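**Q** Each chain is listed here by its residues.
Number of protein chains: 2
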Amino acid sequence: MKRFEDRQWCDSMRLRVDYNNMMREFAGQHGISEDAFSARKAQYDAAACRMEEKRSTMKWRALPFQQKEVVQEIQETAAWVRANCDAFVVLGIGGSALGPIAVQQALSHLRYNELPTEKRGGPKLYVEDNVDPERMASLRDVIDPARTIFNVITKSGSTSETMSQLLWATALLKESVGEAWRDHIIATTDAEKGNLIKIAKENALRTFYVPDGVGGRFSELCPVGLLAAAVCGIDIEELLAGAAYMDGLCSEHDVLKNPAYMLAALEVLAMEQGCNISVLMPYADSLRFMSDWYAQLWAESLGKRYALDGSEIHAGQTPVKALGVTDQHSQVQLYTEGPFDKVITFLGVDRYRTEVVIPHAYDHISDVAFLSGHTFNALIQAEQLATEYAVLKSGHLSKTITLPEVNAFTLGELICLFELQTAFAGELLGIDAFNQPGVEEGKKATYALLGKPGYEQKKAELAARPARNARYQI
Amino acid sequence: MKRFEDRQWCDSMRLRVDYNNMMREFAGQHGISEDAFSARKAQYDAAACRMEEKRSTMKWRALPFQQKEVVQEIQETAAWVRANCDAFVVLGIGGSALGPIAVQQALSHLRYNELPTEKRGGPKLYVEDNVDPERMASLRDVIDPARTIFNVITKSGSTSETMSQLLWATALLKESVGEAWRDHIIATTDAEKGNLIKIAKENALRTFYVPDGVGGRFSELCPVGLLAAAVCGIDIEELLAGAAYMDGLCSEHDVLKNPAYMLAALEVLAMEQGCNISVLMPYADSLRFMSDWYAQLWAESLGKRYALDGSEIHAGQTPVKALGVTDQHSQVQLYTEGPFDKVITFLGVDRYRTEVVIPHAYDHISDVAFLSGHTFNALIQAEQLATEYAVLKSGHLSKTITLPEVNAFTLGELICLFELQTAFAGELLGIDAFNQPGVEEGKKATYALLGKPGYEQKKAELAARPARNARYQI
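Chains as they are written, first to last, in numbering that gives the first Met the number 0: chain A, 0 to 473; chain B, 0 to 473.
Chain A with its partners taken away, still in its complex shape:
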């Protein structure tokens, strides 16, 4: 029996949410009052009903439950890659990159790529989510194409960045391995539509599908994220089981008992009180890139000009990535003394995966000696507690999500928790949390600048821009 099939073990891995420090009772005048909550009860109930009604349309919610077959296929492919390759390069951007990066950082050795092959047990992982020419060239300097698999990920097959990289990788492979280039590319894309599936079919590339209705930032738990994770030796079944477990906890109708709904309700109340900034501050290097993944999820889902009713609202709360304890020496001065414009979400860990003692060495210097004998574990946890206390004492708002351990199960919980928090926040704000109309303008302008057929009008629009005023240049 796998451990996640044991309900008792699952319950022992349940994430905990503590929002005492959001509430007026503890945080003082800027805190949220009980009354504010009660006044919204009907709104929360209605939103919870809509979440239930819309469940079948939120295809990403089905991912933890309906992928038995594809998981097996992924595991087989991953086993082959692990045995035969030195490098696994994800070519993708946004949701195709941030999830794979976050999960690998959380669950692999913290310096995975630097380990000797035998310790790593699989290929190095590179996630190339930029088109900087220097970065492309530097990748070329550290991989052997003949021992590399490129996993090209774009649902639409029209992402300029990723398709450019595919062109680059294709040419590189042809040069290195000739006709065998096709064996070095795995496509992850829509099953029917777009250029990538066309290319994949024409060249008989190994292919995984992004399920219909699963958008980029909600795609970590489909092949987009699962293949890279499995290639790194991560237990993707456990990851999905953790998400399924959290989905169960968050199917509770009552916001007071539903961690995702409560987190969303708190953020939205805080937004209404002027907190337009949402800081995510994990106290674990393993979780640091969860902040990047969360930043896309929260920003792209809630940053919307129009409400569903067509009114212009310019909604959105800006996510900020921080890392404990590191950013205590960078951001906490602002968090404690600055404006009352942010909610800080601490991510804590009960049990780190190792214990390291702070040894004795300079016992005659009492200002240093008091540290000796403690563990780094105790130090980081004391600092988290101390920072929570300092933020509270300064009257600023925070809440804490605690993982009993960082493992595939708890990470699956966390991913599902944030996804559901985001979807529920969208309901409360009355917006469409699943589209991204605001990125179209930039895409079109890029097409026009690069001379893509059909964008002649946009090109003319760009050419007709008023000249820059030299007075505003130094």
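Keep in mind the hints are simulated off the structure, nothing from the lab.
Keep in mind that this is a model prediction, so the values were computed, not measured.
Take these hints with a grain of salt, some might be off.
Here are the simulated PhoX-like cross-link-like pairs (lysine-lysine), alpha carbons at most 20 Å apart as the crow flies [unchecked claim]:
{"id": "1", "chain 1": "B", "residue 1": "Lys40", "chain 2": "B", "residue 2": "Lys256"}
{"id": "2", "chain 1": "B", "residue 1": "Lys392", "chain 2": "A", "residue 2": "Lys458"}
{"id": "3", "chain 1": "B", "residue 1": "Lys58", "chain 2": "B", "residue 2": "Lys1"}
{"id": "4", "chain 1": "A", "residue 1": "Lys457", "chain 2": "B", "residue 2": "Lys392"}
{"id": "5", "chain 1": "B", "residue 1": "Lys173", "chain 2": "A", "residue 2": "Lys392"}
{"id": "6", "chain 1": "A", "residue 1": "Lys192", "chain 2": "A", "residue 2": "Lys173"}
Use these hints to put chain B onto chain A, whose structure you have.
**A** Frame of chain A, contents of chain B only:
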């Protein structure tokens, strides 16, 4: 003659600031009006006068000019380290870490640590700015202590994180190399005060000094940052020359001609219009960690509860780190459609250090083929332009700083530019930009929790906290 001794070359490397897209003339109703500027003229002049008066008290401003001897000493030490070591580990946090990380990312190969030794030409660089036990253990897995130098950096010698790491490194070295452990530690600290200088003297450690009056976040251009840079083969004389050049440009009294003052004036005007968020978005992987360095500088300097006149103001603008083009697929939806609460500063580059062509491969698919034949250079620059355009068109504010190239000289310029921008913003806000009283509370609470002598009262205060309300836990 070194190239930075040629004024013409320096001028060809001058950073350019363009703030057209901040102004009402271009950005529309949320833009800054000419009148707002004119109305502040006297304030700007007064602040510029104070900057001149205070120049001698801002000791960090002297760094580009007064370090001939120490630079030579650093270069000698660096040459020895480069010849004799496999790893150079910085033990430091905040200003002792963010500068070294940013400079190395900007000026070394983008995958420096992964290069074979002969290509790298020097040791691997690790900057350990957290006390996560998993991270400490993972460092142990990839270094050979007998071939490693630890550079412990803390001006005060009382930074718990860094001193804990020193204890750990000391024990590790004693175990590995016995009495020779002293040859593997370089201390960078205050010349007179604190525990680290005491330990350094007792053990005859090689030592560099943090000059008097140079605070953590303004210390990159002293031995704190210069040693790690030199160890990575970076031309630190050129770095300092670039800073000196920018200091010259920013000695201009008139805000309209002074890039640092203008950047500060724009941010402060925007803050007054409700922009409490400052995004820094470089379009270059090499510059991505400049955003982390800037985030500390801006947050810790301006995030202040009290003004110099004693009034309670809770000042501060929250820095946000973004990366172009990557975050176009994560944050730009929010930037274009969300609230009018942010200023975006784009960092562009005229000439990347390499050119990579997007090759032909699928010419029969026109939606992909239009990319072929362009360079990644053209692609990333078109995307920057397109994003600037989309942000402008949506009525949001942005400005652009352009580096002709990324090299030690232009990076020195950029560091100096942001430092002076920050100092001038402090003047405009009427705050002390050089202290950080808000981090004391958390430090004291950590000391209390770890049982440091003298913190019994704080311990009692913590113990007396009201119990958490179980209702606010899920």
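**Q** Look at each hint and say if it fits the structure.
**A** Results for each hint:
Pair hint B/Lys40 plus B/Lys256 holds up; C-alpha atoms about 13 Å apart against a cutoff of 20 Å. With a C-alpha separation of about 15 Å, the suggested pair B/Lys392 and A/Lys458 falls inside the 20 Å cut-off, and the hint holds. Straight-line distance between C-alpha atoms of B/Lys58 and B/Lys1 comes to about 26 Å, which puts the hinted pair past the 20 Å bound. Distance hint between A/Lys457 and B/Lys392 is fulfilled; the C-alpha atoms sit about 13 Å from each other, no more than 20 Å.
Straight-line distance between C-alpha atoms of B/Lys173 and A/Lys392 comes to about 42 Å, which puts the hinted pair past the 20 Å bound. With a C-alpha separation of about 26 Å, the suggested pair A/Lys192 and A/Lys173 falls outside the 20 Å cut-off, and the hint is violated.
Violated hints for the displayed structure, listed by number in ascending order: 3, 5, 6.
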